[in-house]
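Asker: Sequence:
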Amino acid sequence: MPRASRRRGDAARRHADTLRFVLFEARPAGLEFPQLVRASDLSPSQVRSGLAALKDQAAEKGWPPLTWNRATGYQLGAERAVLEAYERAVVREKLTEFRRFITGTVAPHAAAHPGDKWVKHIVAQLNSIESTLDLINSS
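For what it's worth, the working numbering labels the leading residue of the sequence shown as 1, then goes sequentially.
Mixed in with the good hints, there may be bad ones.
[Unchecked claim] Here are the computed lysine-lysine pairs in the DSSO-like style, where the Cα-Cα straight-line distance is at most 30 Å: (1) 94 <-> 61; (2) 120 <-> 94; (3) 94 <-> 117; (4) 55 <-> 94.
Note that these hints are calculated values from the structure, not bench results.
This one's a predicted model, so the numbers in the text were calculated from it and none came from an experiment.
Let's have the full structure, built from the sequences with the hints guiding it.
Answerer: Below, the structure written as structure tokens:
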């Protein structure tokens, strides 16, 4: 995902407006990334920047959320079932990411330095986050 400064720039906002128009034209169907590139006449980099800016704009302005799935690609204003499936997929992805971070980085650090105050703190916090994400994922 582009840096925050790239998502807030004038160019990113223009790209987001272009993508919003293209996605509204395609509704209720979605568009895959290569289709977005072709339909918008933007470069792949501009589309990525525009998608990040569009997510931010949608949240700020109360627009329908931008979702993505393998079957339909990117969509605006999806149905409740599509939104729930997207949210579950993101939670599952973040849970996997946290677990890999804990087992691959934090656990070895904790084993090497068991008395370190920072390690104790981060282990407690990350275990709490993992537990919360696992609870959301299982419901």
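Asker: All hints, please: hold or fail.
Answerer: Verification of the supplied hints:
1. 94 <-> 61: 25 Å, holds
2. 120 <-> 94: Cα-Cα ~22 Å, so holds.
3. 94 <-> 117: Holds: residue 94 and residue 117 sit about 26 Å apart, inside 30 Å.
4. 55 <-> 94: 18 Å, holds
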